[in-house]
Amino acid sequence: METKKLAIIATKGTLDWAYPPFILASTAAALGYDVQIFFTFYGLQLVRKDVSGLKVSPLGNPGMPMKMPFGPKWFKGINWNIPNAVQSIIPGYENVATSLMKMTIANNGVATIPELRSLCQEADVKFLACQMTVELFGFDHADFIDGVDYVGAASFFEFAGESDICLFI
Amino acid sequence: MEFNKELDARGLNCPLPILRTKKALAEMASGEILKVLATDPGSVKDMQAFAKQTGNDLINSAEAGGEYTFFMKKK
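So the sequence lines, in the order shown, correspond to chains A and B. Take 34 as the starting number for the first sequence in our numbering and just add one per residue. Take 12 as the starting number for the second sequence in our numbering and just add one per residue.
There may be inaccurate statements among the hints.
Below are the DSSO-like pairs computed for lysine-lysine, each with C-alpha atoms no more than 27 Å apart in a straight line [to be verified]:
| id | chain 1 | residue 1 | chain 2 | residue 2 |
| --- | --- | --- | --- | --- |
| 1 | A | Lys109 | A | Lys135 |
| 2 | A | Lys159 | B | Lys63 |
| 3 | B | Lys86 | A | Lys37 |
| 4 | A | Lys88 | A | Lys109 |
| 5 | B | Lys56 | B | Lys84 |
| 6 | A | Lys45 | B | Lys63 |
| 7 | A | Lys159 | A | Lys38 |
| 8 | A | Lys100 | B | Lys63 |
| 9 | B | Lys16 | A | Lys38 |
| 10 | B | Lys34 | A | Lys159 |
Chain B regions said to be covered by chain A (calculated; three or more residues, Cβ under 8 Å) [said to hold, decoys possible]:
| id | region |
| --- | --- |
| 11 | 52 to 66 |
| 12 | 69 to 81 |
Pairwise CB distance ranges, derived in the manner of DEER restraints [as the list claims (entries may be wrong)]:
| id | chain 1 | residue 1 | chain 2 | residue 2 | range |
| --- | --- | --- | --- | --- | --- |
| 13 | B | Glu17 | A | Gly86 | 35 to 41 Å |
| 14 | B | Glu43 | A | Phe170 | 46 to 52 Å |
| 15 | B | Asp19 | A | Thr145 | 17 to 23 Å |
The hints are simulated quantities; they were obtained by calculation from the structure and are not laboratory data. From the three backbone atoms N, C-alpha and C, an ideal C-beta is built for every residue, glycine too.
Using the sequences and the hints given, assemble the complete structure.
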């Protein structure tokens, strides 16, 4: 049987959206797929050496439950529905939301992004970074982890064109 | 049931139980049996799907008190 191929385009640079590309890529690799991820635009944040700056923003995101990761069960169950106008004027709101999210992630036995990312690399998931956006955003290759290839869209299509599944995330 | 190796994936969530299972199997010989312990309710369907797609044989799975036990025979 020919090896199946999964091609992913990762375009988001927030903590929450860092998960889908790495979860799907590592799982597909475990199932025997050949996997490539093309990181472009804000997705470049996911291959930086330091990903501790990845944040989650509840502002303008009505789909995000705002629940506390600590305290008694009844307290954890409360959904803190804070209006956008209020969220936007509280200094450090994103930082607080991000640290609460990281606590929730740890409480639920969900892997961290650096952990999932290295699992992907161990499983030979290939990381491609869009050279154009690297320049556009003023990044340097030294900002990124080892094992990333810097290419253009044409190189990605070489793999994506023959893939069984192609996802834009 | 007899097994050659045990993997404790309790407390871990998707996709870690599958990734650890894959890694553990890679270090085993064909025909050997891996026992996996997990608490992720999603792992029941996921282990079946993993076995089906990788050709390994999920010979037994059981649940007791929110804990799942799987026996996977390496292809």
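Against the structure, the hints:
1. Using a Cα cut-off of 27 Å, the hinted pair A/Lys109 and A/Lys135 holds, with the two alpha carbons roughly 15 Å apart.
2. At most 27 Å may separate the alpha-carbon atoms for a hinted pair to count; A/Lys159 and B/Lys63 meet this at roughly 25 Å.
3. Among the hinted pairs, B/Lys86 with A/Lys37 is consistent with the structure: their alpha-carbon atoms are about 19 Å apart, no more than 27 Å.
4. Among the hinted pairs, A/Lys88 with A/Lys109 is consistent with the structure: their alpha-carbon atoms are about 21 Å apart, no more than 27 Å.
5. Taking the CA atoms of B/Lys56 and B/Lys84, the gap is about 17 Å. The hint holds against a cut of 27 Å.
6. With a C-alpha separation of about 32 Å, the suggested pairing of A/Lys45 with B/Lys63 is violated against the 27 Å cut-off.
7. Proximity of A/Lys159 to A/Lys38 is assessed by CA-CA distance (about 12 Å); at most 27 Å being required, the pair is judged to hold.
8. Between A/Lys100 and B/Lys63, the direct Cα distance comes to roughly 37 Å. Violation of the 27 Å bound is thereby established for this hinted pair.
9. A hinted pair counts as satisfied when its Cα atoms are at most 27 Å apart, and B/Lys16 with A/Lys38 does not qualify at roughly 31 Å.
10. For the given pair, B/Lys34 sits about 18 Å from A/Lys159 by alpha-carbon distance, which is consistent with the 27 Å threshold.
11. A count of 3 residues in the region 52 to 66 of chain B with a Cβ less than 8 Å from any Cβ of chain A is obtained; the coverage claim is therefore met, three being the minimum.
12. For the region 69 to 81 of chain B, the assignment as covered by chain A is violated, since 0 residues bring a beta-carbon within under 8 Å of that chain's beta-carbons and 3 are needed.
13. Distance hint check: the CB atoms of B/Glu17 and A/Gly86 are about 39 Å apart, consistent with the given range 35 to 41 Å.
14. Checked against the hint of 46 to 52 Å, the pair B/Glu43 and A/Phe170 passes, with Cβ atoms roughly 49 Å apart.
15. B/Asp19 and A/Thr145 have their C-beta atoms about 19 Å apart, which keeps the hinted 17 to 23 Å range intact.
Taken one by one, the earlier hints fail for this structure at numbers 6, 8, 9, 12, listed in ascending order.
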